[in-house]
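Enquirer: Listed in order, the protein sequences are those of chains A and B. For the first sequence, position 169 matches number 169 in the numbering used here, and the numbering has no gaps at all. For the second sequence, position 98 matches number 288 in the numbering used here, and the numbering has no gaps at all.
Honestly, I wouldn't trust all of these hints.
To give an idea of the interface, some chain A residues facing chain B are shown, with a C-beta separation under 7 Å as derived from the structure [what the hints assert, rightly or not]:
| no. | residue |
| --- | --- |
| 1 | P39 |
| 2 | T85 |
| 3 | N89 |
| 4 | L90 |
| 5 | A140 |
Source of the hints: derived by calculation from the structure; they are not laboratory data. In this text, all values refer to a predicted model and were calculated from it rather than measured experimentally. Beta carbons: idealized from backbone N, C-alpha and C, even for Gly.
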Amino acid sequence: MDARHEGPLLPREEQQLMEGLLEGDDDAIRALYARFGRPVFSLGMRLLGSREAAEELAQDVFLMAWRKAARFDPARGRLSTWLMTIAHNLAVDRLRRETGARRPTLVLMDEVPDAPGANEGDVIEERDAATRALASLTDAERRLLTRAYFRGLTAREISEADGIPLGTVKTRLRTAMIKVRRANEGKEMP
Amino acid sequence: MNCLTVRERLVEHALGVLTDGDASSLDRHFEWCAACRKEAGELQRAAATLAYSVAPAEPPAELEERVVAAVREAAGRRPGAAPRRSRAAAAGVLAAMLALSGLGWGAVMAGRAGRLEDQVEIQQQQQRRAVANFRELIEDLEGADPANIVEVASLMSPRLRTGGGDALVLLSPSSDDLALVVLSGLTDLREAQFPLEVRLLSDRAGALVVGHVRALDSGGGGAISKWFVGNLNAYSTVVVRDARGKVLLNGGLGVQEPVA
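Chain A extracted, bound-state conformation (with noise of 0.2 Å):
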C-alpha cells in the first residue's frame, strides 16, 4: 500500500487504507496516523486541554477507526471527514462526562503566528478550507459555533444561558455553518 506520498489520497486508496486497517495491517496503520495523527492529537489538545488527554483521545480514535473501518464508504465522503468527526464525537463525549472539569481556553489556528502544520496533503487542504471558514465569520459567530462545536452546548441550552429564544439562536447556527460550508466547496472532492 502506497498511502504516505503527499496530497489528499484518491477514494481507492481510502478504501484500501481502511481495509489495512481493518487487518490490522501496521503499514496501513502507521499511513492513517501519518496523516490524522497531528490534526486528531491537535483538537485533544486544545478541546480537553492536558496532553494526557489529549494522547488517550487519539488511540481511542484510530481504535474507533478500525471497529467502524468495515463502514467507511468512500462514495459517501473523505477519510479526512470521517475521522475527524469520530474525534470530535469522541472529544465531545468526554467533555460531557466530564462536567466538573476546567476547559481550556480554546485556540484557533489564526490565533497562533507560526504554527507548525502538517506536511499531509489532506490535512493542509483541510486546513485551507478552515482558514477560509473562519476568516468568513463574524466574531459572534465564531463565538456561537465555538460553544457549540467546541463546547458540546445544545442551541437550547446557548438559548437559555443567553437570554435569546431558541428559533433565534437556531437561525444563527445555520447561518455560520452555511458559511463554514460554503467555505468548504473549495476542497477537492474525491
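Chain A is already provided as a structure; the job is to place chain B on it using the hints.
Expert: Frame of chain A; chain B shown alone:
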C-alpha cells in the same frame, strides 16, 4: 419524523449537539431518505472543517507506536480467559432482549398505522427505546470490557407489513462477539415458511448465519443468539428470511456514527 422536522435539526446534528435519542432518530431517517442524507453529509463535511481549525499541537513521537500497538492488538485479539465472564454477563443482555420482544408494540402499532410517516415514526420510537435499553444494560454489566461497542438495528419489513424486530451486535476487543436478534409481531406466517433464517451481511465478508428460528410464540415473537470467535465488525445488515428465501425483515446495524 418527517423531512421538515429533520431539516430543522440537521445543523445541530452536524455539530454533534443533539441528544443520542434525537441523533438516532435522524440517523434512521437518513437510512431511507437520500435527500436528507445528502444534506446531512454536506453539513457534516463542513462541521469537520471546524475540527481542523484548532491551532496545531505536536504529538509526542512515541504516540505513533502506542496507537499502532493498540490497533494491532485489537485486530489480533481474542485471549482465552475473558469470554466466560462476558458470556455470563451477556445472559442478562439476552434476558433484556427477550423482555423487549414481549413488548412488540412498536411493530404491531406500526403495522396498524395508516400513513407511511406514522409507521416510520413508531419504528423510530421503538429503536430509540431499544438503543437506550441496550446501552444502559451493557454499560451496567459487571465485568464488561469498557471498550465494548454495541451496535443495534431496528428490523422492519420491506413491505411494511405487521412485524418487526431488534438486533444487537456486541463487538468486544477482549472476548468473543455476540449477535442477538429478537423478532416480534410476525403473526401471519404459514408453517411452510419455517424455519426462518437470520443472517448478518457484509459487502466484503458476505453472509454469516446467526441461526434458524423454528417456531414463534403466539404473538409472533422469538429470539436467537450466537457467539462468534471471529470478528463481527465487518457486518452491517441483519436479514431475516423465510424457508423459501423471501426477506421478511431487515435493518442496518449502527451506533451513532458520522453520516459522511
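Enquirer: Each of the hints needs a verdict: does it hold here or not?
Expert: The hints, checked one at a time:
1. Using the Cβ-Cβ criterion of 7 Å, the hint placing A/P39 at the interface with chain B is satisfied: the shortest such distance is roughly 6 Å.
2. Taken as an interface hint, A/T85 checks out: its beta carbon lies about 4 Å from the nearest beta carbon of chain B, inside 7 Å.
3. About 6 Å separates the beta-carbon of A/N89 from the nearest beta-carbon of chain B, less than 7 Å, and the hint is met.
4. Contact between A/L90 and chain B, as hinted, is not supported at the beta carbon level, the nearest pair being about 10 Å apart and thus beyond 7 Å.
5. For A/A140, the suggested interface contact is broken, since its CB lies about 16 Å from the closest CB of chain B, more than 7 Å.
Of the hints listed earlier, those the structure fails to meet are numbers 4, 5, in rising order.
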